[in-house]
Amino acid sequence: MSVLVVVEPDESGNGLSVVSQETLTFARQLPGEGVDAVFVGSVGDPDEAALAQCREHGVGTVHVTDDARLERYAARAWAQVVETAAETGGAAYLVAGGTPRGNEVLAHVAAARGVPMPCNVVAVVQDEPLEVERQVVGGAVLERVALGGGGGLAVASVAGHAVAPEPAGEPGEARVERVEAQIGDSDLAAQVVRVEEREGGDTSALTGADVVVGAGRGVGGADQFADVEQLASRLGGAVGVSRVVTSLGWRPHHEQVGQTGSRISPDLYLACGISGAIQHWAGCSSSRTIIAVNTDAEAPMVTKARYAVIGDMHEIIPAVLEELG
Amino acid sequence: MTDVLVCVKRVPDTSGEVVLTADGGGVDGRYAGWTMSAHEECAVEIAAGIAGDTGGSVTVLTLGDEDSVEQLRSALAVGANDAVRIDATADDYGPADVAGAIAEVVRGREAGGEGYGVVLLGNDAADTGDHQVGIRLAHLLDRPVVAGAQEVMASGDRLEVRVGTPAGTEIYDLPVPAVLTVLEGGVEPRYPNISGRMKAKKAQVEVVEPGAAPQGSGRLGLRVLPPPESNVEMLGEGPAAAPRLVAVLREIGVVR
Chain A
9 MSVLVVVEPD ESGNGLSVVS QETLTFARQL PGEGVDAVFV GSVGDPDEAA LAQCREHGVG
69 TVHVTDDARL ERYAARAWAQ VVETAAETGG AAYLVAGGTP RGNEVLAHVA AARGVPMPCN
129 VVAVVQDEPL EVERQVVGGA VLERVALGGG GGLAVASVAG HAVAPEPAGE PGEARVERVE
189 AQIGDSDLAA QVVRVEEREG GDTSALTGAD VVVGAGRGVG GADQFADVEQ LASRLGGAVG
249 VSRVVTSLGW RPHHEQVGQT GSRISPDLYL ACGISGAIQH WAGCSSSRTI IAVNTDAEAP
309 MVTKARYAVI GDMHEIIPAV LEELG
Chain B
32 MTDVLVCVKR VPDTSGEVVL TADGGGVDGR YAGWTMSAHE ECAVEIAAGI AGDTGGSVTV
92 LTLGDEDSVE QLRSALAVGA NDAVRIDATA DDYGPADVAG AIAEVVRGRE AGGEGYGVVL
152 LGNDAADTGD HQVGIRLAHL LDRPVVAGAQ EVMASGDRLE VRVGTPAGTE IYDLPVPAVL
212 TVLEGGVEPR YPNISGRMKA KKAQVEVVEP GAAPQGSGRL GLRVLPPPES NVEMLGEGPA
272 AAPRLVAVLR EIGVVR
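Here the protein sequences come in this chain order: A and B.
Residues 9 to 333 in our numbering are what the first sequence spells out, letter by letter.
Residues 32 to 287 in our numbering are what the second sequence spells out, letter by letter.
Please note: incorrect hints may appear among the correct ones.
Have a look at the derived ranges for each label pair, beta carbon to beta carbon [said to hold, decoys possible]: (1) A/M9 with B/G284: 40 to 46 angstroms; (2) B/D188 with A/R183: 42 to 48 angstroms; (3) A/D55 with B/V255: 55 to 61 angstroms; (4) A/G244 with B/D113: 49 to 55 angstroms.
Don't read these hints as lab results, they were simulated from the structure.
Just so you know, even glycine gets a beta-carbon here, dropped at the ideal spot from N, CA and C.
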């Protein structure tokens, strides 16, 4: 019995997404005999970079579809592809990264099969019977749950950054196999009809940025972001904001970092005027280094940060920009 | 006319410290307070918009004990017309149980000649983060479902649904009846005015009993992560700290 991993192409169109690489790494901890992958969100052969990454992660079989009806996303139809791949590959476990696509497609499979689906799993606690630990309450609490059993398909999504992506000890063959799924009209009833591309506000720039300059209520107003934007630009990064900033209408939701926004993992998160409530911490805690700039030395963001500067961000940021030259 | 059912959940307000109940089986909201999931506040707003545009009505539903009426009244205060509570202990219910209990109410209303063209739920609850109740409900009702809806426009027997993605906005066009799970960010939930609050206070909440015993979520226990020991290094106060901050930026390699 194998582990089947739902993988997604990288947003740049070259290789696997980082979350998919993390999920493949996690999947090797599950008690299956070998790891296979099924592509979601792209029709036809994967690019060579993606196949090379599958090989690195020990993937035996890569399931793909040639069904042109899936060029436009339809979650229930993609779930049919995943289910068919699980059946033909004899999968005992089905996992995906906890992305919108991953959770949505898995939920369709779990609903169709009538099996549980713990989300945001971070660790395997016990093999037999399988128990896992998952994040709840925005990652502040871990819940231990029983998963699967009874010989059925066990389904779970994996939290972002639960593991660091690492190659397998032995590479896999990554043989490409076509999935012939039985897709009906009802599976296509909810399908994307068109996409409006966002201009100048791509969230992938935030989630993929090496540096994020965060701004919270301490900014003071919608017209007070000039120095934050300037610092983000100077550091080659993106602007991220707290929920209160979007709730106040100061910035658009696609810039929101947090439990109900984007989850980020940059090399540096420079959090300015952000208190660090749980909802925000859920989105930024995977950053490699956090520096807080805040007037309140007792704010959670300050006490959880690696470095901190106490004071008014609108005085400190210009001084930093001047120092950077 | 599109009648809308919007399903909300009473969740602990987690803007502060998270405390577990004495038996470790749940989150104790007695001190932090309770609220409605953020996605569901937006779902209520979208429901009010659909009903307003089409001349339909909004029913708000929750599964929980008597205390969860507070969240139903919050929705009534901002536009819901009537409210239903499925009388149950929410912690005993897994996502499949919740979907089953909601499906039972929807089918019961349909049998009584009162169908819902749209059923709205939050994309995921702020406490359990399950991402699946709406999709399970859609399977039980055999209806199309879109997850992550941020804006919805109803026209005749069709819905245009907009979903934000990293690259932009995906647009769906689907028939009613349908199920949508709502993601925060597309609409701004309104605040209740005084007359809305008064109306909500007086409104009757219908109570229904669930037909099936819950199977549960498979939860074996909870643990709160201990707060990490602070190892923050203070770089100084005010603009005078800028040189030290920049030195750190060079040290960690983000400035060369």
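Hints versus structure:
no. : hint                                   : verdict
1   : A/M9 with B/G284: 40 to 46 angstroms   : 44 angstroms, holds
2   : B/D188 with A/R183: 42 to 48 angstroms : 46 angstroms, holds
3   : A/D55 with B/V255: 55 to 61 angstroms  : 43 angstroms, violated
4   : A/G244 with B/D113: 49 to 55 angstroms : 54 angstroms, holds
Violated hint for the displayed structure: number 3, the only one.
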